[in-house]
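Trainee: So the chains spell out like this:
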Amino acid sequence: MLKRAAARLLGMSVAGFARAMTGVLPDWRGCLPEPRQRVYVANHTSHGDFVLIWTVLPHAIRRGTRPVAALDYWGGSGLRGFIGREVFNAVLVDRRAGQSGEDPIVAVVAAANSGASLIFFPEGTRNTTDQVLLPFKSGLFRLAQAQPRLEFVPVWIDNVARVMPKGEFLPVPLLCSVTFGAPILLGPDEDKAAFLARVREALLALRPTERER
Amino acid sequence: MIMPYEAEELFAGLGAVLLLATLIGQTLKWRSGGEASPAVENLNQRVFAWWVMVALIGVAFLFGKGGVILLFAFASFAALREFLSLTYTRRSDHWALLAAFFVGIPVQYYLVWIEWYGLYSIFLPVYGFLMLPVFSALRGDTTRFLARIAAIQWGLMICVFCVSHIPALLTLDIPGFAGRKLLLVAFLVIVVQGSDVLQYVFGKLFGRHKVAPSLSPSKTWEGLLGGVASATALGAGLWWITPFSPIEAAGFALVACAMGFLGGLVFSAIKRDRGVKDWGRMIEGHGGMLDRLDSVIFAAPIFFHLTRFWFVP
Numbered sequence: 065m066l067k068r069a070a071a072r073l074l075g076m077s078v079a080g081f082a083r084a085m086t087g088v089l090p091d092w093r094g095c096l097p098e099p100r101q102r103v104y105v106a107n108h109t110s111h112g113d114f115v116l117i118w119t120v121l122p123h124a125i126r127r128g129t130r131p132v133a134a135l136d137y138w139g140g141s142g143l144r145g146f147i148g149r150e151v152f153n154a155v156l157v158d159r160r161a162g163q164s165g166e167d168p169i170v171a172v173v174a175a176a177n178s179g180a181s182l183i184f185f186p187e188g189t190r191n192t193t194d195q196v197l198l199p200f201k202s203g204l205f206r207l208a209q210a211q212p213r214l215e216f217v218p219v220w221i222d223n224v225a226r227v228m229p230k231g232e233f234l235p236v237p238l239l240c241s242v243t244f245g246a247p248i249l250l251g252p253d254e255d256k257a258a259f260l261a262r263v264r265e266a267l268l269a270l271r272p273t274e275r276e277r
Numbered sequence: 015m016i017m018p019y020e021a022e023e024l025f026a027g028l029g030a031v032l033l034l035a036t037l038i039g040q041t042l043k044w045r046s047g048g049e050a051s052p053a054v055e056n057l058n059q060r061v062f063a064w065w066v067m068v069a070l071i072g073v074a075f076l077f078g079k080g081g082v083i084l085l086f087a088f089a090s091f092a093a094l095r096e097f098l099s100l101t102y103t104r105r106s107d108h109w110a111l112l113a114a115f116f117v118g119i120p121v122q123y124y125l126v127w128i129e130w131y132g133l134y135s136i137f138l139p140v141y142g143f144l145m146l147p148v149f150s151a152l153r154g155d156t157t158r159f160l161a162r163i164a165a166i167q168w169g170l171m172i173c174v175f176c177v178s179h180i181p182a183l184l185t186l187d188i189p190g191f192a193g194r195k196l197l198l199v200a201f202l203v204i205v206v207q208g209s210d211v212l213q214y215v216f217g218k219l220f221g222r223h224k225v226a227p228s229l230s231p232s233k234t235w236e237g238l239l240g241g242v243a244s245a246t247a248l249g250a251g252l253w254w255i256t257p258f259s260p261i262e263a264a265g266f267a268l269v270a271c272a273m274g275f276l277g278g279l280v281f282s283a284i285k286r287d288r289g290v291k292d293w294g295r296m297i298e299g300h301g302g303m304l305d306r307l308d309s310v311i312f313a314a315p316i317f318f319h320l321t322r323f324w325f326v327p
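Just so you know, the protein sequences line up as chains A and B, in that order.
Under the numbering used here, the first sequence has 186 at position 122, and the numbering climbs by one with no breaks.
Under the numbering used here, the second sequence has 297 at position 283, and the numbering climbs by one with no breaks.
Hints in this document: simulated from the structure, not taken from any laboratory.
Take these hints with a grain of salt, some might be off.
[Claimed, not checked] To spell it out: a stretch of chain B is covered by chain A in this simulated footprint if at least three of its residues, at any positions, have a beta carbon under 8 Å from a beta carbon of chain A; those stretches are: (1) 102-109; (2) 293-302.
[To be verified] For each label pair, taking beta carbons as the anchor points, the in silico distance ranges come out as: (3) M76(A) with R295(B): 20 to 28 Å; (4) F81(A) with S232(B): 32 to 40 Å; (5) E49(B) with V170(A): 50 to 58 Å.
These figures come from a predicted structure and were not determined experimentally.
Ideal Cβ placement from N, Cα and C applies to all residues, glycine included.
Next comes chain B alone, as it looks inside the complex (with noise of 0.2 Å):
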């Protein structure tokens, strides 16, 4: 798989975003006069990391299917390590904690390099969620069994079934559309990811009413409004690189964003549940791995199968 040629212009594309992004982070810390205020701070830090993020998913672009596969499998990873390293388990779950890193991960990707579209999109809930159970139930230890189970479940959920369906784009065979589905992934990750953006942007700028303010006190309906509006338009815009018509690019875009909005609600209130404000420490500025997906995670799944049920025959 070569990279197809709007990939370069949609790089390009980026780079001037984050350009601009840089021009504007450093000229507020320069008209502060070197002691930048620590939202300033923040801004620098996460378009630092903006820039090596995309670096790195360029690099993983060059290397296609093969290189994708591999930067979300180690995604899942770091993603799967904050998440149970933020839940309840004990010396009895060792050994499904080790099957759910060693044997989940490489095989669920694994499945998704074979392009084995039936077993891939039942090997963690069916196989995964009956076997782990009973590695920890043969050790005899009840104490909160449900809550233990329930938890290294659900992170294999979300930290690798779901993360699994944004390679798993390249095995969709839509017609017309080959040798270009590193576009589709391209697509779903810079309108969720740009969704979050411009959330926080208008939000910044306009935001006053709280959408859940026992959740998440960043939240804000004019971030919200705006940001789902702009990303939308932004997926519209972005038409050319899908197989989609520019109102189905906008719908689906529109509907990632809807879910990537709720999916940072969910993640909010898992963290504030665990009592922490960030996941980790990863991404600086950011926080964790898990800070910067949350979005896509709950996106993913359906852009894929809306995908898959409207355009693969």
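The following block holds chain A by itself, in its conformation from the complex (with noise of 0.2 Å):
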């Protein structure tokens, strides 16, 4: 009861946070935010990515919404893990679980199954390089065959590694916009290649026009 509370107050700090910092402001441009069980695939510079995307969704949507994440970052016992297990319900993958144990993906398939909808990122981790996208690890693939009728949504987030970049552990504070494109079903023979790239070019196709930063 305490800890609802706590995780309630908690989440309304994060959200106000981010939004006093980033200034940030949805731009639904593929669809609208619908209460359905979907998979919002974003890209992945920093550890505010699912911050941002949360903090941007209704209410009612948020609630149904677990953003899947490091065990290792989110998973802790401080307040951070609080955050990432009480505050977002994330869905909490090892993964370095590749050599032992669990499949990772074992654990985003059972959260799907359970009509939860998800903040997944395809790239697997962040991307601090100087490429705009990293290569998709198979998962999202994996996921979208498990449960073919999931809708996969593409989130183009943008800025937010300017606002925390790596190795730095405090904010400065700069716009950032997540701009949400139109949903993506996996096609009856879509083979895994031809899936990806297409998720992909949808993802490229939300970025802001460059401005040769």
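Reconstruct the complex from the two isolated chains, following the hints.
Mentor: The structure is reproduced here in structure tokens:
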């Protein structure tokens, strides 16, 4: 009870802080915010990424939406762990599980089977390179295979990397935007390469026009 | 500092003007039968945003000097955020950016609050401009170094230094004007913003010849002359809230409007350079904070210093 109240309060503070820093506004370009099961597929440059998506989602949709996040960062025992587990209700995956233990995508598919919407980063890791988008991991395709009727909504998050560059711990206030594209479904005979390429194209199409940064 | 009685009349007047604008906007919408044209839609958004902005300034006025300083400190924050979002910086500028936001803005407005003219008029151009590049240089990254630090400095100059000269009007000791200084802030803002609105109106009604086609398609000679002339007349008509005579009020209004127009041109050039139409989406119908402030930014320091030169002994 107390925990729920603390989580709600903390959630509101996190969203408020994100807004104060980034003035983030959603651009629902390809679809509307509807309370249906969706996978928000976004580019990943910062730990703040899913916080921004979560912030711009209407409250009713927020509650049913779970970010897929790294166990080693958001699964700890401190405040960050509390935020990860209790505020965002994150699906925590162990990225190092490749060699040992359980396949990380199993937990994600289980969360999708339970009816939750997901925030998913198909690059699998934060992009700290100069490339616009890293190659996608196979996870996205395997999730689509397991749940062929799932809607995948491409989401481009712009400018977050400048707010909080890698290795810094204080954010600088700069405007960010979150752009939602049109939902994508896995085609009946679509193979992995074609599906990932299609999602990738849709995601890149949402980028703001290049301003020679 | 309590609200001078003239301020109540002033806000009543502004309310009447906005009421008229709302009536016109809604009538245009009603006559078009529900399906309003984008221009009418934009007009109504702008009028609504004006209601909000006037209300915010009114609340700030109720709190006196502290309220006005806080209001413009937040305006500086929003403006600097918009400006630096569109400029090129690198990871190595992180500490310089942090200092600009979290040292530059609070210290500048604190200095205005304690009315230390000798320091708030040089703090950013001397200490800020010299120290910020040091933060970036210490990181050893020289890629487009000059462009990066120049952008941060210019951002501080226009978004913080210039904007802070609006509340700094409250620190001027004009003989016989004590207790009414808020009105000087109101005068500057009303005249310059009024000039923007009137240029827009004259431009829409009579605009044919573009002033600077490569910078802005919406700035016309007809709009400029009609807007500035009528805003100058407006300034002269508001002489009773200033320490100026009617002629002087007209002169000050003319200078402020001319600077405001030039500010708009410079900001259009920056936006063109960065490939955007608006600075942001903060104020519906207007764009960003800088889209609304651009003219006042150029007018404020000049207005401040001319007033100080001629009216402060």
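Trainee: Does each hint fit the structure? Answer for all of them.
Mentor: Tested hints:
no.	hint	result
1	102-109	holds (count 4)
2	293-302	holds (count 3)
3	M76(A) with R295(B): 20 to 28 Å	holds, 23 Å
4	F81(A) with S232(B): 32 to 40 Å	holds, 37 Å
5	E49(B) with V170(A): 50 to 58 Å	holds, 53 Å
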